[in-house]
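Visitor: Here's the letter readout for the chains.
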Amino acid sequence: MTSAAHQQDRVKHLFIWPAVLIVLVVSLFPLIYALTVSFQTVRIVPPTPPRFVGLANYAEIAGSARFWGAIWTTALITFLSVALQYALGFMLALALHHNVPGTALYRVTFLLPMFLAPVGVALIARMIFHPYLGPVNDAMAGLGFAYVPFLTEKWPAIMVLALIDIWQWTPFVTLLMLAGLQGLPQEVFEAARVDNISAWRRFWGITFPMLLPLSVAVIFIRLIEGFKIIDTVFVLTGGGPGTATETLTLFAYNEGFKKFNLGLTSALSFLFLIVVIVFGTVYLAAAQRVTRRFA
Amino acid sequence: MTENRSLRHIGLILCLLWLLLAAFPLYWVLITAFKPPLAVSQGPTYIPFVDYQPTLQAFRDAFAGLRGDFTGPIVSSILISITSTALSVFLGTMAAYALVRFNYRIRLVSGLAFATISIGGFVLLDIFTDLRVPYALGLVLVTALPVAIWLNGRALPGPVMGNDDVTFWFVSQRIFPPIVSAFAIYLLFAEMGKIGLPLLDTFGGMVIVYTAFGLPFAVWLMRDFLSTVPLEVEEAAMVDNIGRVRIFLQIVLPMATPGLIATSMIVLAFVWNEFLFALLLTTGDWQTLPILLAGQNSSRGDEWWAISVAALISIAPMVVVSTILGRMMRSGLLSGSIK
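Keeping their order, the protein sequence lines are chains A and B. In this text, residue positions in the first sequence follow this note's numbering: the first is 1, and each later residue adds one. In this text, residue positions in the second sequence follow this note's numbering: the first is 1001, and each later residue adds one.
Just so you know, the hints here were simulated from the structure itself, not pulled from any lab data. Do not take every clue at face value.
[Stated by the list, open to error] Here are the simulated lysine to aspartate or glutamate pairs, EDC-like style, with alpha carbons at most 20 Å apart:
#, chain 1, residue 1, chain 2, residue 2
1, B, 1194, B, 1303
2, A, 12, B, 1165
3, A, 12, B, 1235
4, B, 1194, B, 1051
5, A, 258, A, 9
6, A, 12, B, 1164
7, A, 12, B, 1234
8, A, 12, B, 1224
9, A, 258, B, 1126
10, B, 1194, B, 1234
11, A, 259, A, 60
Based on the provided sequences and hints, a complete structural model is requested.
Guide: Here's what the structure looks like:
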């Protein structure tokens, strides 16, 4: 080995190892410990020595209605908001792509919601959807409707939670779809226009299929991020009424930090990971099918 | 052509409606911060000077510390997010540069060996010895790593992974539900505390966690930015026998400045707004702004003017961040990275 190549080799490792080590030590190694804890009974209050219980923790979680309820709530909020985000975001991107007046103005208002702390956004939503002091119910009353108890009943609360996610993340879809639209080859559209093909058919025949791979990726990112939802629920409803709006992450938090049963919570968080992997795999497999049909 | 015109009208209406929907909550929090209590408790009021007389009282109260400690969480949020953003962008850029310029070959076998030795070794140590958890994990790491590196150098069968897989490995951290690692980190930090290295609710602990949390973004974004930096300049420098580290610091980093700024802004925003890790890992001294905000809710009831001030304080830096990013996007600096 020449000295230059040798030096190259040393530098190559110097550059990548710090990042790899931090991710290994901080993100992955704690998981090993949590995995072993998930097979034990560990309590902080009252302190008891760890005892190996096999799969009992997993069985207990999988058998609890609250766990399945949390999965259902999380999936509901996520699917609802991602579906609307995608439809709305794509439409906005199309409008912006065709140079609707005032594009510069939209840029900043598009970026801002994404960068706000979900906790802060949830607080604002709490004010706006307050049953008596909020503007939404004020407007409802003005239109002759009855006051809606937005945050204390299951379905209105889920709608508000989905709405917050839509408010924050539709711009993300718009930005990525806009970038995709701008990257499409113009010749195809010119040809279609010459052949006098309607805008509707141009969209479903050309634009949509060509952007399908990007759409799959964008929706995937949003689904994965959506499943992590806790901040807004924590502030807005605290999971209530009862456990009607409790999401998976919030369930894990409540379980671990209010009951101090560490073994059970570790098992729960690994089950959560499995749920995400299953959902992700099913989604990607389904997306592949759809893509193939259009291609 | 008429079809086109009506479509344009629909598009414009849609955009205006969205603008209204996007702006209203921001307008609401802004005006509420200036409302006197009566303008809140007697039902919604909409227009300052018409519906009510704006007042700065809520801001004065907040900064006088009349309503709990505001400055503490603000200072910790600023210190923690700037330090960890700087660290993760710097280390992430190094890794991204390495992934763009060098070739890595990792054997699947050695990766599997690493995982097996780490998990198996830790379980065995946990069952058969009284070794403290952090020591056991450290021992497992220093055994598994050299073995895996040694195996990687052997001519073994099986698939070989390249740079894209390494990048995916970094990014895959984001697929994990954060509660999984947050809870695991909480457990480990608690154990570290028992052996005399306090990490729960400390500056160091939070910085380590957020650096790791920001790294996937930094590696992913910077890899795209760095791949647009032309190779020729670097090659010229290499001919002049300038070392890689100097090339990186003095040539590559300055050329990638727009990318560095954009990446830092995005990482900063994520750290600044992060809630779950802060909720689990801090209890008082190093509590960050999102935790303070979440607490407002239960401790303040319907004192919306005070809550709005708190929300505005957390929003303000992000307005700056999104303005800078918006400018960069308009001038086309970010167009490459989105694709």
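Visitor: Take the hints in turn and mark each one as holding or not.
Guide: Results for each hint:
1. Taking the CA atoms of residue 1194 of chain B and residue 1303 of chain B, the gap is about 41 Å. The hint is violated against a cut of 20 Å.
2. A hinted pair counts as satisfied when its Cα atoms are at most 20 Å apart, and residue 12 of chain A with residue 1165 of chain B qualifies at roughly 16 Å.
3. Taking the CA atoms of residue 12 of chain A and residue 1235 of chain B, the gap is near 16 Å; set against the 20 Å cutoff, the hint holds.
4. In summary, the hint linking residue 1194 of chain B to residue 1051 of chain B is not supported, as the alpha carbons are separated by about 58 Å, beyond the 20 Å threshold.
5. Under the criterion of a C-alpha separation no larger than 20 Å, the hint pairing residue 258 of chain A with residue 9 of chain A is inconsistent with the structure, at around 51 Å.
6. At roughly 16 Å between alpha-carbon atoms, residue 12 of chain A and residue 1164 of chain B fall within 20 Å of each other, so this suggested pair holds.
7. The suggested pairing of residue 12 of chain A with residue 1234 of chain B holds, with an alpha-carbon distance near 15 Å, which does not exceed 20 Å.
8. Restraint check for residue 12 of chain A and residue 1224 of chain B: satisfied, since their Cα atoms lie roughly 19 Å apart, inside the 20 Å limit.
9. As the CA atoms of residue 258 of chain A and residue 1126 of chain B are separated by approximately 26 Å, the hinted pair breaks the 20 Å bound.
10. For the suggested pair residue 1194 of chain B and residue 1234 of chain B, the alpha carbons sit about 49 Å apart, so the restraint of at most 20 Å is broken.
11. A distance of roughly 15 Å separates the Cα atoms of residue 259 of chain A and residue 60 of chain A; the hinted pair therefore holds under the 20 Å criterion.
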